[in-house]
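Engineer: Given next are the chains, with one letter for each unit.
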Amino acid sequence: MTVSLTLDHITAHYGSTQVLEDLSLAIKAGELVSLLGSSGCGKTTTLRLVAGFLEPTSGTIQLGERDLTRLAAHKRDIGLVFQNYALFPHLSVRDNVAFGLKQRGLGGTERTAKANAMLERVGLSSFADRMPAALSGGQKQRVALARALVIEPPLLMFDEPLSNLDAKLRVDMRVEIRRLQRANGTTSLYVTHDQEEAFSISDRVAIMNAGRIMQLDRPEVLYQRPANSFVARFVGFENLIGMTVTARDGETVTAVTQAGATLKLSQSVFGAIPDRFVLAARPDGLAVSREGEGIPVTLGIRTYLGRAYQYQCTTPAGDYLGNGPLTELLDPGTAAVLTPVPEQCCILPSDA
Amino acid sequence: MIKRLSPWILAGPASLLVLVFLILPVGSTLIATFTDAKGWAAPYAAFFNSGFRRTVLYRTIEISLITTIISVVLGFIAAYVVAQMPARLKSIMIIAAVFPLLTGVVVRSFAWLILLGKNGILNTALLSVGFISEPISMLYTEGAVIAAMVYLFVPLMILTLAGVLEGIPKDVVEAATSLGATPFAVFRQVILPLAMPGLIVGAVLVFTGSFTSYATPQLLGGERQMMMGTLLYQRAMVTFDWTGASTVAAIMVVVTILIVVLMTRLARRLNPMAG
Amino acid sequence: MRNTLHPALTITASIIFIILIAPLFIILGAAVSDTNYLTFPPQGFTMRWFSNIFEISAFRTTAITSLQIAFFGTFLALLIGIPAAYALNRFRIRLPSWLSNVFVLPILVPEIVLGFSLMKSVTIGLNLPVFTTLLLGHALLVLPYAVRVVGASLASFDFSIEEAAISLGCPPLKAFLTVVLPNISAGVIAAFILAFITSINDVSISLFLTGPGISTLPIQILAHMEQFFDPTIASVSVLLMLLTVGVMAIVEATLGLTFLTK
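Chains as they are written, first to last, in this note's numbering: chain A, 1 to 352; chain B, 1 to 275; chain C, 1 to 262.
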């Protein structure tokens, strides 16, 4: 039985400070959605609202047919995995896993059997009688995962579950989480500040800022076609060049930067281009060459990236990062041009 | 050579003070109880053959136990609430617990003398509502001693337990809640077991403190509610029966050390952090 | 830890805290009552019981003795306790593990037993002056504060700082005084305050160690109460509570009151 989670027009406050502003989010049955953002963006608040540790000022939270909005936290039936694992230090690994079953009134033998089976699935059978203090970080997180899964919750939630693990273990664990989540088809909400983690594990990712969802989409779309400057910058479009259209000739649009440099862009590549827009490009989306058509720049510091050279480029309208080929070594102070690589760039609506 | 001895030189004076002015004098008090002319166990036989002294011992155990139980319960409730309070209220509550703790035993016991006396507030209040027709004597009863002792030890219990309860991570409580534990189940299955070692330590402090107290039973119990502390003083300074006094002292030491050792061992075994 | 609070719990806790503080206000009321016996609520208002304290010379002399004993006893305990705490932390491997337990003994052994034994063996046995025995007894009583509270500070002290000072040419004693001591000052202040207040309030040790002309204030209060039941004691208690207020103000100013919950 898989169900959907719907947050409808949620507003939340801490005291008088607003932390969530009219947030709506729908997670389809069986889907894993991540909330991604820096600290203070409201992602953890959203999770705590769904868990029932906070109450929204307004709006509703719906899990399948059930209205969770004012339901007591212990009646919500949600599997929660914490950043610090939150294992019960006074209970053995097996009793930790069986805790939720005990609350559901399961008998001792059935509890043990289910807990053992779950521990088997996360590969911790031989640790069942240990105390949490005697486990490594990765093992603790597996126990936390087993404890959340064993109650067979309709919704799983993860609060930065991997941030206390080292890099290697993080990759292993996220594959593990994805595997177990897929196997059960459990609807999941995953909170993280790590972009790679969110993109690798999720069906869809919501990028959050200042209590609002900036964009909710598949990782591929977010990565290649951000909808606004915030998301673009977040996913690595380091160059945001404000431009104004001066002429339109069929599919070809002529636009100028604030410094007066002219670019010709094709609507057959970028789609419809508004009169004022932002050209967003990662460093490898701006090709540096000695001469040609493009934005004239003065080169600054050069760094070697292995596959290319990266240059700091100065223009009267601002500084950009562009990549140049390994075949042509350009020195600081040299005049050069930046040419957008259409497939590596995208057009965003102007912020103003 | 100096380098090798320096730890001993530094720790020496303090160790010497404990050795000469604690270990030797207290040791000689204990030994004195076994070197009686009438046989090595004679002082203990005398103690336990005296109905009066036996009663004092039982009364002391009883009062200390009741005091401990009440202090633990009240201290736990207060500490539990303190731990959940916002910072501002919390510090006011801490001050309210620390202030009596830093005020001396004599002053605090004396307060109950005023409270429970013939002209005390309790009598005045009971008289004015017509509950009683003339002042009743509440002093020099077991209840008076217990009330004052609980008053003495609750602040200690609150401070000990508030620290323990604050140390329980918030997310462990939330984890239990998310797994379906009711508030009572959270208390029973998570908070209480995690607080147990601290609770035992606090209870030991209260019990041994009550068991060896002097000023409170002296002021509020008087001759009628004599306890081990007051009995020791009476034997030593009124009847000058030093062997008898030493026997009381020895029983106090044995009970105290036994309780401390057994209960710390229990607390350590219950410590969840141990592997 | 956060959990939802049942109103009954909050109400019970509020009552507990009121009962903790109320008796101390009752003393204040009783101290200004214009009656010859202790009563609350006060009848009339007078300050004569406060002036009465100063007319009874025993209160004055015992108060001075108490302050002397508390000050010098605490000083002595710190003087020998800090080096011991330092040795226990710095040379943990070179000292036997039981040594730290030795400094727990003054807490473990009932105070009244210690007082009685000191009287028997030291005042009478060694024929030491009463004041000296009293001072040693109090130093012993508060020694655990010096060793354990300062020790807790030292446990979190990074001794490589001291080694750095020595490697830069600072002699060991000077390194201790100029590098170690300033970094454990919070522990030393806390130990001093706790020790001082414990010594001032002590009854059970002093009980046996008072002699002709020498007594401490708490013992004098007890003695006075056996004969008189007038508000003088209440006014003395008020003064002692003012001392507590002063101590708490010092704690708040130097360490912050939250220090006491640790």
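Don't take every hint at face value.
Unchecked claim - Short, incomplete list of chain A residues facing chain B, as computed with Cβ under 7 Å:
| id | residue |
| --- | --- |
| 1 | A51 |
| 2 | F53 |
| 3 | T57 |
| 4 | L71 |
| 5 | A73 |
| 6 | H74 |
| 7 | F82 |
| 8 | A86 |
| 9 | S92 |
| 10 | F99 |
| 11 | Q103 |
| 12 | G242 |
| 13 | L321 |
Derived by calculation from the structure, the hints in this document are not laboratory data.
Just so you know, even glycine gets a beta-carbon here, dropped at the ideal spot from N, CA and C.
Engineer: Work down the list of hints and note, for each, if the structure agrees.
Structural biologist: Hints, verified against the model:
1. A51: holds (6 Å)
2. F53: holds (6 Å)
3. T57: violated (20 Å)
4. L71: violated (12 Å)
5. A73: holds (5 Å)
6. H74: Constraint on H74 (chain A) satisfied, holds at 5 Å.
7. F82: holds (5 Å)
8. A86: Result: holds, 4 Å to nearest chain B Cβ.
9. S92: Hint on S92 (chain A): violated, closest Cβ of chain B at ~10 Å, above 7 Å.
10. F99: This interface hint holds because 5 Å falls under the 7 Å limit.
11. Q103: At 4 Å from the nearest chain B Cβ, Q103 (chain A) passes the 7 Å test, so the hint holds.
12. G242: violated (45 Å)
13. L321: violated (41 Å)
In the structure shown, a violation is registered for the earlier hints numbered 3, 4, 9, 12 and 13, in ascending order.
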